[in-house]
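Chemist: Here is how the chains run, residue by residue.
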Amino acid sequence: EADIYQTPRYLVIGTGKKITLECSQTMGHDKMYWYQQDPGMELHLIHYSYGVNSTEKGDLSSESTVSRIRTEHFPLTLESARPSHTSQYLCASSERQGAYEQYFGPGTRLTVT
Amino acid sequence: QKEVEQNSGPLSVPEGAIASLNCTYSDRGSQSFFWYRQYSGKSPELIMFIYSNGDKEDGRFTAQLNKASQYVSLLIRDSQPSDSATYLCAVCGTGNQFYFGTGTSLTVIP
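For the protein sequence lines, the chains are U and C, in the order given. Under the working numbering, residue 113 is the last one in the first sequence; the count climbs by one each step, no gaps. Under the working numbering, residue 110 is the last one in the second sequence; the count climbs by one each step, no gaps.
Everything labelled a hint here was simulated from the structure, so no lab data went into it. Yeah, the Cβ is synthetic: ideal placement off N, Cα and C, and Gly gets one too. Among the hints, erroneous ones may be present.
Said to hold, decoys possible - With beta-carbon atoms standing in for the labels, derived distance ranges:
{"#": "1", "chain 1": "C", "residue 1": "D78", "chain 2": "U", "residue 2": "V52", "range": "42 to 48 Å"}
{"#": "2", "chain 1": "C", "residue 1": "D78", "chain 2": "U", "residue 2": "G58", "range": "36 to 42 Å"}
{"#": "3", "chain 1": "C", "residue 1": "D27", "chain 2": "U", "residue 2": "E63", "range": "27 to 33 Å"}
{"#": "4", "chain 1": "U", "residue 1": "V12", "chain 2": "C", "residue 2": "G95", "range": "35 to 41 Å"}
{"#": "5", "chain 1": "U", "residue 1": "M27", "chain 2": "C", "residue 2": "L11", "range": "28 to 34 Å"}
{"#": "6", "chain 1": "C", "residue 1": "D55", "chain 2": "U", "residue 2": "R96", "range": "25 to 31 Å"}
{"#": "7", "chain 1": "U", "residue 1": "D30", "chain 2": "C", "residue 2": "S26", "range": "25 to 31 Å"}
Unchecked claim - Here are some chain U residues the structure puts well away from chain C; computed CB gaps all over 12 Å:
{"#": "8", "residue": "I4"}
{"#": "9", "residue": "K17"}
{"#": "10", "residue": "I69"}
{"#": "11", "residue": "R70"}
{"#": "12", "residue": "H73"}
{"#": "13", "residue": "S80"}
Pulled out of the complex, with its shape left as it was, chain C reads as follows (with noise of 0.2 Å):
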């Protein structure tokens, strides 16, 4: 079982909708929660990171966090294309390792 699950699309949206981007993690004792955005062939770039139980929001983007299910999701607010990208989940479990999901390809239709 790998430590972070994505579902790894391509999940497609038209523009204006709502994207619900989710992961799963095997480690009850992680803290921290990250969404990363990784345009094709460039770095993964942090989006916005969560440690407490429920939403935090950051303009169009809201991580959630539920630690009972080993749940994080990331919600897209009024997609545009620019948003089309792969959307990395990232974990620091444990002794402080670090570990990150496989990505959702996200595609945001015009």
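Bound-form chain U, shown alone (with noise of 0.2 Å):
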């Protein structure tokens, strides 16, 4: 079946360290992006790709930075967690023709101490 993946769900982890977020979808996209979102609040595109070795910064500048090597996948790296890097980030991907809707996938919760 056709989906977009996201681990971990949920990560808890020490200031000063380095995570990666993982986000891989088997529906055969060009397009993948990463929002952040904060409870209740909007989302923020942090990161895009419209394809292999394509990558851009979003509107909200983040500290965080993405590859992409693979089609399928499109992973987020911070390279020094802060507790302002707390909050909830999903990934999401779509097709480059048609009407561009995105598909999101169940979202990483991150949580810096």
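Please assemble the complex out of the two chains, which come individually in their own frames, going by the hints.
Modeler: Structural data, given as structure tokens:
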């Protein structure tokens, strides 16, 4: 079944640690996105990619980095986690053509202590 | 001015009533419009999309688009308590940039 996966679903980690949030999709989509969302607040686009070796920063300034070496895989890395990074991180994907609707993964809830 | 504007609510309707959610957008070149539902603590789920003026119906949901007024709405008929969630309007604008509204919180009262 075509889907979009995120791991881990929950992560509690100490300040200064390096972390990588994984996102994979089996939907055959070219475009992938990372959003950050605090509880009850709006979505903020932090990174996006239109295909392999293509990555762009989004609207929200972020200390994270992303890579796109394979079409189906779009990991997000924080080199040194801080309490201000505590949030929910949502990965999404969409086709290159068509109505461009985005489909979301289940999210990773990150807490930095 | 934000690209997509929604009334944050909260909007409360009794069970069985029609819930009406509204959204305006600023980019006249926008071509595709989307409604997502997001339960607390969960990720957004696509309900439906529309790209032609008029109405599009899917079960209890109807999306309405008026490009001249730059206005999109979502009607939920026979509202159920399980419809209680935040509804996000999203627009694919010029250059295929995707913009989300801040969402409208809906509560359906049993």
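Chemist: Each of the hints needs a verdict: does it hold here or not?
Modeler: Structure-based check of each hint:
1. C:D78 with U:V52: 42 to 48 Å: holds, 46 Å
2. C:D78 with U:G58: 36 to 42 Å: Roughly 38 Å apart at Cβ, these two residues keep to the hinted range, so it holds.
3. C:D27 with U:E63: 27 to 33 Å: Cβ of D27 of chain C to Cβ of E63 of chain U: about 29 Å, so the range 27 to 33 Å holds.
4. U:V12 with C:G95: 35 to 41 Å: holds, 39 Å
5. U:M27 with C:L11: 28 to 34 Å: holds, 32 Å
6. C:D55 with U:R96: 25 to 31 Å: holds, 28 Å
7. U:D30 with C:S26: 25 to 31 Å: holds, 27 Å
8. I4: Its Cβ does come within 12 Å of chain C, the nearest being 9 Å, so this is violated.
9. K17: Nearest chain C Cβ is 24 Å from K17 of chain U, so the label holds.
10. I69: holds, 23 Å
11. R70: Its Cβ never comes within 12 Å of chain C, the nearest being 22 Å, so this holds.
12. H73: holds, 18 Å
13. S80: Holds, since 26 Å exceeds 12 Å.
Against the hints set out earlier in the document, a violation occurs for number 8 only.
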